[in-house]
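**Student:** Sequence:
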Amino acid sequence: MFTYLFIDGTNLYAAQYELFGPSKYLHFPSFLKQIESKLHINFDQIYFYASYSPRSEYPTNKEKLYLKNESFFYRSVKSIQKLTFFKGYRSPTSGKEKEVDVKIAVDIVDFAHLKKYQKVFLLTGDADFMEALKIPSRLGLEATVLCLENKIMFKAILFYKTFVIKFTDKVITFNKIRKRPIYLKIDKTKVEKGY
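Its first residue numbered 1, the sequence shown is counted upward by one per residue in full-length UniProt numbering.
Check before you lean on any hint, since a few could be wrong.
Unchecked claim - Here are the simulated SDA-like pairs of lysine to any residue, each with C-alpha atoms no more than 20 Å apart in a straight line:
no., residue 1, residue 2
1, Lys116, Ala105
2, Lys103, Ser53
3, Lys115, Ser79
4, Lys24, Lys193
5, Lys193, Tyr74
6, Lys151, Tyr183
7, Lys190, Ser30
8, Lys134, Val100
9, Lys33, Ile182
10, Lys193, Phe20
11, Lys87, Glu97
12, Lys166, Phe154
13, Lys116, Glu97
14, Lys119, His40
15, Lys24, Ser79
16, Lys151, Ala14
17, Lys188, Ser76
18, Lys78, Gly140
19, Lys134, Glu97
20, Lys24, Tyr74
21, Lys116, Asn42
22, Lys64, Lys115
23, Lys96, Asn42
24, Lys193, Glu70
25, Lys151, Tyr74
26, Lys188, Lys87
27, Lys188, Phe163
What the hints assert, rightly or not - Beta-carbon label-pair distances, calculated as ranges:
no., residue 1, residue 2, range
28, Lys115, Pro22, 41 to 49 Å
29, Pro92, Ser71, 30 to 38 Å
30, His40, Glu99, 14 to 22 Å
31, Lys96, Asp187, 34 to 42 Å
Everything labelled a hint here was simulated from the structure, so no lab data went into it. Fair warning: this is a prediction, and the values are worked out from it, not measured in the lab. All C-beta atoms, glycine included, are put in the ideal place defined by N, C-alpha and C.
Taking the hints into account, I'd like the entire structure generated from these sequences.
**Tutor:** Below, the structure written as structure tokens:
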């Protein structure tokens, strides 16, 4: 029984920067270890999708800190042996991410049809993947959503088992939602790293 984890890396980076940055970052190997421990699971394969932030011709100090943080974060991500890293790109005119979301959705659907996994986990706060997650569910495969506390895919809570990963004691309220997510509390000191 194979369990795959798909990660919207750009979304994860932005969320972790809001929580930890600019002088600290989410150390991905420690973070992954905590998730696997809390869920009592071992991911057989991890697919990570991201595009790097563009660097302006004359970066401000704030931008330099952001890019430095991003560099440390992605370096920690790439240190995982069982991880496949897909690098999208940014539009030269708008700076918007290209290829990443489509590639995640296609891989989730394609791998479900190929029966590569029995359980799929998606780490994102982006509701654009709801349609892609319907396919594994229709094929009788288990689909689960993981979100960081500051990027919650609220719509997923209604249809899939959803875990919200909390690093602090922030209180999140849910208005008119009958189902509640399951909270995974992770000790921030075990997953953050300074540079």
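**Student:** Each hint: holds or not?
**Tutor:** Hint check:
Between lysine 116 and alanine 105 the CA atoms are separated by roughly 15 Å; this keeps the pair inside 20 Å, and the hint holds. Our distance criterion of 20 Å between C-alpha atoms is met by lysine 103 and serine 53, whose separation comes to about 18 Å. For the hint linking lysine 115 to serine 79, the alpha-carbon distance of about 27 Å lies beyond 20 Å, and the restraint is violated. Only pairs whose Cα atoms come within 20 Å are accepted, and lysine 24 paired with lysine 193 is accepted, the gap being roughly 5 Å.
As the CA atoms of lysine 193 and tyrosine 74 are separated by approximately 13 Å, the hinted pair is consistent with the 20 Å bound. About 13 Å separates the Cα atoms of lysine 151 and tyrosine 183, which keeps this hinted pair within 20 Å; it holds. Distance hint between lysine 190 and serine 30 is fulfilled; the C-alpha atoms sit about 7 Å from each other, no more than 20 Å. At most 20 Å may separate the alpha-carbon atoms for a hinted pair to count; lysine 134 and valine 100 meet this at roughly 19 Å.
Straight-line distance between C-alpha atoms of lysine 33 and isoleucine 182 comes to about 18 Å, which keeps the hinted pair within the 20 Å bound. Among the hinted pairs, lysine 193 with phenylalanine 20 is consistent with the structure: their alpha-carbon atoms are about 9 Å apart, no more than 20 Å. Of the supplied pair hints, the one linking lysine 87 and glutamate 97 holds, its CA atoms being roughly 10 Å apart against a limit of 20 Å. For the hint linking lysine 166 to phenylalanine 154, the alpha-carbon distance of about 15 Å falls within 20 Å, and the restraint holds.
A threshold of 20 Å between alpha carbons decides the hint, and for lysine 116 with glutamate 97 the separation of about 27 Å lies outside it, so the pair is violated. The suggested pairing of lysine 119 with histidine 40 holds, with an alpha-carbon distance near 13 Å, which does not exceed 20 Å. Annotation: proposed proximity of lysine 24 to serine 79 holds, straight-line Cα distance about 18 Å (limit 20 Å). Using a Cα cut-off of 20 Å, the hinted pair lysine 151 and alanine 14 holds, with the two alpha carbons roughly 9 Å apart.
About 16 Å separates the Cα atoms of lysine 188 and serine 76, which keeps this hinted pair within 20 Å; it holds. Only pairs whose Cα atoms come within 20 Å are accepted, and lysine 78 paired with glycine 140 is rejected, the gap being roughly 31 Å. For the suggested pair lysine 134 and glutamate 97, the alpha carbons sit about 24 Å apart, so the restraint of at most 20 Å is broken. About 13 Å separates the Cα atoms of lysine 24 and tyrosine 74, which keeps this hinted pair within 20 Å; it holds.
Under the criterion of a C-alpha separation no larger than 20 Å, the hint pairing lysine 116 with asparagine 42 is consistent with the structure, at around 15 Å. Taken as a hint, the lysine 64 and lysine 115 pair is broken in the structure, with Cα atoms around 43 Å apart against an allowance of 20 Å. The straight-line distance between the Cα atoms of lysine 96 and asparagine 42 is roughly 33 Å, outside the 20 Å bound, and the hint therefore fails. Of the pairs offered as hints, the one joining lysine 193 and glutamate 70 holds, with about 13 Å between alpha carbons and a cut-off of 20 Å not exceeded.
Using a Cα cut-off of 20 Å, the hinted pair lysine 151 and tyrosine 74 holds, with the two alpha carbons roughly 19 Å apart. With a C-alpha separation of about 28 Å, the suggested pair lysine 188 and lysine 87 falls outside the 20 Å cut-off, and the hint is violated. The straight-line distance between the Cα atoms of lysine 188 and phenylalanine 163 is roughly 17 Å, inside the 20 Å bound, and the hint therefore holds. With their beta carbons about 43 Å apart, lysine 115 and proline 22 fall inside the hinted range of 41 to 49 Å.
The hint said 30 to 38 Å for the Cβ distance between proline 92 and serine 71, and at roughly 21 Å that hint is violated. For histidine 40 and glutamate 99, the Cβ-Cβ distance of about 34 Å falls outside the hinted range of 14 to 22 Å, so the restraint is violated. The hinted window of 34 to 42 Å between lysine 96 and aspartate 187 holds, with their beta carbons roughly 35 Å apart.
Violated hints, listed in ascending order, are 3, 13, 18, 19, 22, 23, 26, 29 and 30; each of the other numbered hints is respected by the structure.
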